[in-house]
Amino acid sequence: MPNGDPAQPYAPDVPYVAAVITPMVRCAPEGTDALLKALDRGLVSEVFDPTRPSSV
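Mapped onto the working numbering, the consecutive letters of the sequence shown carry residue numbers 823 to 878.
FYI, nobody ran anything at the bench for these hints, they're computed from the structure.
All C-beta atoms in this analysis are idealised placements derived from N, C-alpha and C, irrespective of residue type, glycine included.
Just so you know, not all the hints are guaranteed correct.
What follows is a set of in silico ranges between Cβ atoms, one per label pair, in the way DEER data are often shown [unchecked claim]:
(1) S876 <-> A833: 26 to 32 Å
(2) P851 <-> P828: 35 to 41 Å
(3) L865 <-> I843: 15 to 21 Å
(4) Q830 <-> K859: 32 to 38 Å
Work out the full structure: start from the sequences and follow the hints.
Here you go:
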């Protein structure tokens, strides 16, 4: 999903201009559970935070 038309960075210090938003369709149930647990441990939410360190 682009950020505008034409796509623009989310913030001046963030190079990203789009996001991929999709259900996980090619992940085994064990992989989905592991990913969701890692995201929970990293306190990842739906709020975009360019300063958040990687959680996986």
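Going through the hints against the structure:
For S876 and A833, the hinted distance range of 26 to 32 Å is not satisfied, since their beta carbons lie about 18 Å from each other. For P851 paired with P828, a C-beta distance near 39 Å keeps the hint of 35 to 41 Å intact. Against the hinted window of 15 to 21 Å, the Cβ-Cβ separation of L865 and I843 comes to about 20 Å, which satisfies the hint. At roughly 34 Å, the beta carbons of Q830 and K859 sit within the given window of 32 to 38 Å.
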